[in-house]
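As they're listed, the protein sequences go chains A and B. Counting from 1, position 14 in the first sequence corresponds to residue 14 in the UniProt record's numbering; the numbering is continuous, with no gaps. Counting from 1, position 234 in the second sequence corresponds to residue 234 in the UniProt record's numbering; the numbering is continuous, with no gaps.
Hints were generated in silico from the structure; no laboratory data involved. Errors might be hidden in some of the hints.
Note: identical chains are not told apart, hence a pair may lie in one copy or across any two.
The calculated lysine-lysine pairs, modelled on DSBU-like cross-linking and capped at a C-alpha distance of 35 Å, are [said to hold, decoys possible]:
no.	residue 1	residue 2
1	Lys176	Lys35
2	Lys181	Lys233
3	Lys172	Lys30
4	Lys181	Lys35
5	Lys30	Lys228
6	Lys184	Lys35
7	Lys176	Lys30
2 protein chains.
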Amino acid sequence: MVDDKKETYGEVKDVGNATNIAWHHSSVTKEDIHKRNNHKSCILWFTGLSGSGKSTLANAVNMRLFQRGMTNDNDESSTANVPLHSYILDGDNIRHGINQDLGFSDEDRVENIRRIGHIAALFLDAGMIVLTAFVSPFRSDREQVRQLVNRNGYQHEFIEVFCDASLDVCEKRDTKGLYDKARKGIIKDFTGISSPYEAPENPELIVNTGETQLDECVDKVVSYLEEKGLIPKVVG
Amino acid sequence: MVDDKKETYGEVKDVGNATNIAWHHSSVTKEDIHKRNNHKSCILWFTGLSGSGKSTLANAVNMRLFQRGMTNDNDESSTANVPLHSYILDGDNIRHGINQDLGFSDEDRVENIRRIGHIAALFLDAGMIVLTAFVSPFRSDREQVRQLVNRNGYQHEFIEVFCDASLDVCEKRDTKGLYDKARKGIIKDFTGISSPYEAPENPELIVNTGETQLDECVDKVVSYLEEKGLIPKVVG
Chain A
1 MVDDKKETYG EVKDVGNATN IAWHHSSVTK EDIHKRNNHK SCILWFTGLS GSGKSTLANA
61 VNMRLFQRGM TNDNDESSTA NVPLHSYILD GDNIRHGINQ DLGFSDEDRV ENIRRIGHIA
121 ALFLDAGMIV LTAFVSPFRS DREQVRQLVN RNGYQHEFIE VFCDASLDVC EKRDTKGLYD
181 KARKGIIKDF TGISSPYEAP ENPELIVNTG ETQLDECVDK VVSYLEEKGL IPKVVG
Chain B
1 MVDDKKETYG EVKDVGNATN IAWHHSSVTK EDIHKRNNHK SCILWFTGLS GSGKSTLANA
61 VNMRLFQRGM TNDNDESSTA NVPLHSYILD GDNIRHGINQ DLGFSDEDRV ENIRRIGHIA
121 ALFLDAGMIV LTAFVSPFRS DREQVRQLVN RNGYQHEFIE VFCDASLDVC EKRDTKGLYD
181 KARKGIIKDF TGISSPYEAP ENPELIVNTG ETQLDECVDK VVSYLEEKGL IPKVVG
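Let the sequences and hints guide you as you build the complete structure.
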């Protein structure tokens, strides 16, 4: 468990009033945390058009994971009550926080996703299941995050979830009136209307968020986590 | 590219093959996570000169918290085995990751700490105890992070830990040879030598990392967390 790869202050003798002050550097590793938590870490990267349901699905998956992990005293034989540690990164906490200095130019969009990728990687390192909900329309940006994660040598850690809803469905939903504004030219470079959306070519998961019930979509994502051994299966 | 806020898709009827697709948006709150985890979240912000022991102390505190949380089957009456969820942000994972685009100009130093503050706030939101180990020499930068955290209305969430070691001690340690290079002018604007360190005026904790054993320093930090009710006290 002890990782001395970092600096060691070693034996610094006769400093001030104390002698033999040994400050050894030890670290808790991701493996230690996985073992303690009884589940692994991963990034669920939800991508899709505005209105495709990324944020809603991510939140519903997060809620399901959280509720599954609540203690169930009536069923001690079940592993369903292993607490699952997950967190969502989305527009609310990113665009209004760390990325509030970024606009919507091409350069800023790339930087937006770059930072999100690195933040997601930190949560991964902390042993968490991190869910991200951003349009992230460009393949190259998503690929950059995948490479960043893969560099660490873990399998199944980057899970691209394509929220596949047709433009027609998303535009009909248009709960924020953004498509209407984009059609009228009030919003420029709007994904799907005046800026391209590059659908994933080989995503780990495709969820038909345009025509499927939310619960069914959540089932699909959670089952994937079980199948890959990232979270324990519910027993009984 | 539009970011999804907390919209509710509500009742989108007669879309595609499905009817009555209700996509309600629900979120797991920080309070939910605190209750589940049996401990609260906070930021332990270690600040001090290079060589003062910030990173070593932060890692030792993190290890202590982790080990305290390991299951202890022989002592079921103890609350010591509540798993404590903590994570360190330091130069290794920040400067080489999300902030690899930043140098050491005044502007970049401010941006470095701004981003770290926002990332720490995300971990806070995820219910974690986050430890940061950066020189962070300027009061205004640390104050900015404190304000950012306080905006959320929680008490005791930002804990400034002053790693108080004299320049003399730090320079004698000089494990990375940085002071030597700074004295020779090879490194410019080095904190303590050619750039100021503004010591905290009212830190939550002062730890004498220059003249105290590491274990004793760790005790002081962990006791503080217990006293403020952020983590359960060890019983028996």
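> Going through the earlier hints one by one, which of them does the structure break, listed in rising order?
Replying inline: The structure breaks hints 2, 4 and 6; every other hint is satisfied.
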